[in-house]
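Got chain A; can you put chain B on it based on the hints?
Chains as they are written, first to last, in our numbering: chain A, 1 to 124; chain B, 1 to 212.
No lab work stands behind these hints: they were computed from the structure.
Computed from a prediction, not measured in an experiment: that's the story for all the values here.
Please note that the accuracy of each hint is not assured.
[Stated by the list, open to error] Far from chain A, some chain B residues (derived; all Cβ distances over 10 Å):
id, residue
1, 28
2, 31
3, 60
4, 84
5, 87
6, 88
7, 106
8, 111
9, 118
10, 162
11, 182
12, 183
13, 189
[As the list claims (entries may be wrong)] Lysine to aspartate or glutamate pairs mimicking DMTMM-like chemistry, simulated, CA-CA at most 25 Å apart:
id, chain 1, residue 1, chain 2, residue 2
14, A, 15, B, 64
15, B, 110, B, 71
16, B, 79, B, 102
17, B, 193, A, 19
18, A, 15, B, 154
19, B, 75, B, 64
20, B, 206, A, 7
21, B, 193, A, 7
Yeah, the Cβ is synthetic: ideal placement off N, Cα and C, and Gly gets one too.
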Amino acid sequence: MNQPHEDDVLAQQAKALFDDSVDRLDGASLSRLNRDRHAALAELQSSRLRGRWSMWAPVTGVAAAALVAVIVLRSSPDIGLETQTETVADFEILMEGEDLELIEDLEFYSWLASSELGTSSDVG
Amino acid sequence: MSRMKSYRATAAGVGNGVFAVSCASEPSPGAMALSNERKLNAFLADVERRALRIAQIGIRDRDEAFDLVQDAMIKLVRKYSARPEKEWTPLFYRILQNGVRDWHRRQKVKNRVMVWMGRSSDDDEYDVVAQAPDPGERTPEQHLQTGETMDRLEVAIHALPTRQREAFMLRTFEGLDVAGCATAMGCSEGSVKTHYSRAVHTLRDKLGEYWQ
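Same shape as in the complex, but just chain A (with noise of 0.2 Å):
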């Protein structure tokens, strides 16, 4: 009958216990879990960098693929229809923005495109 008044006994006891352990923690642990605490909080602060990249990315990622077309579209005046066609497609894919991974080198897509035209036209 008297379990409740009991278990609570128990239960104020190992608390009591266990602040004790707490309020006797070393000053080596101490150290190191607001070391810990810090670099946790870091990552707050990166992560707070990190969003305010990526909320300038889609606008950076579409100035990139405009680059990219310009260059494209300037460095073969005399191109087809066809060709232009596919330029544009190719375009398209660069302003999607999804992956902005394929923007991300932007010599190497410009080297490419323009070697591919080359290439068409060479064999056409």
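Relative to the frame of chain A, chain B by itself:
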């Protein structure tokens, strides 16, 4: 005409007033982020020592306990820092308890592999390093201070089934209510009550003589 003028003046006044109030009352995103970071820092500073002791009792390994607490801090900050402050405690302990459970699973797999390789922990050769006192363990002086009762309590809690151990430590040591425990443990409130009740009965049976 005069009514119209008066209306316009009032509308302009109200408009300016609302604008002024909204500008003054809304903190900038930077200030909000800083405030959130301060709150998180205060929360983690408050909870970290108890979390460490709870992890230590749960796995009986000091260094691993530090790692688990740090992981829990990082995951809370990464995933849940935007959640309301009152949710942080149960979420933090949910992450920590998951870490403790994963640690026990890894230990079981490790032990199975050791047995499969023909070596069990019982017939291992005497390992000087393993038998040496853990430098992180409490010193003899600290042992005396903390007392034998806490050691027995720790051993008894560690021996409880996982869910009972979690329910007892979260309710008794961290002071979470039943709903908070349920969130932290990922189970129903009824299960929390059952696990807690069984844990207390088992501990009373084991430790009864030490509590008189």
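Hints versus structure:
no., hint, verdict
1, 28, "holds (13 Å)"
2, 31, "holds (13 Å)"
3, 60, "holds (14 Å)"
4, 84, "holds (16 Å)"
5, 87, "holds (16 Å)"
6, 88, "holds (12 Å)"
7, 106, "holds (21 Å)"
8, 111, "holds (28 Å)"
9, 118, "holds (38 Å)"
10, 162, "holds (18 Å)"
11, 182, "holds (18 Å)"
12, 183, "holds (20 Å)"
13, 189, "holds (18 Å)"
14, 15/A - 64/B, "holds (23 Å)"
15, 110/B - 71/B, "holds (21 Å)"
16, 79/B - 102/B, "holds (19 Å)"
17, 193/B - 19/A, "holds (23 Å)"
18, 15/A - 154/B, "holds (12 Å)"
19, 75/B - 64/B, "holds (16 Å)"
20, 206/B - 7/A, "holds (13 Å)"
21, 193/B - 7/A, "holds (13 Å)"
Comparing the model with each numbered hint stated earlier shows that all of them hold.
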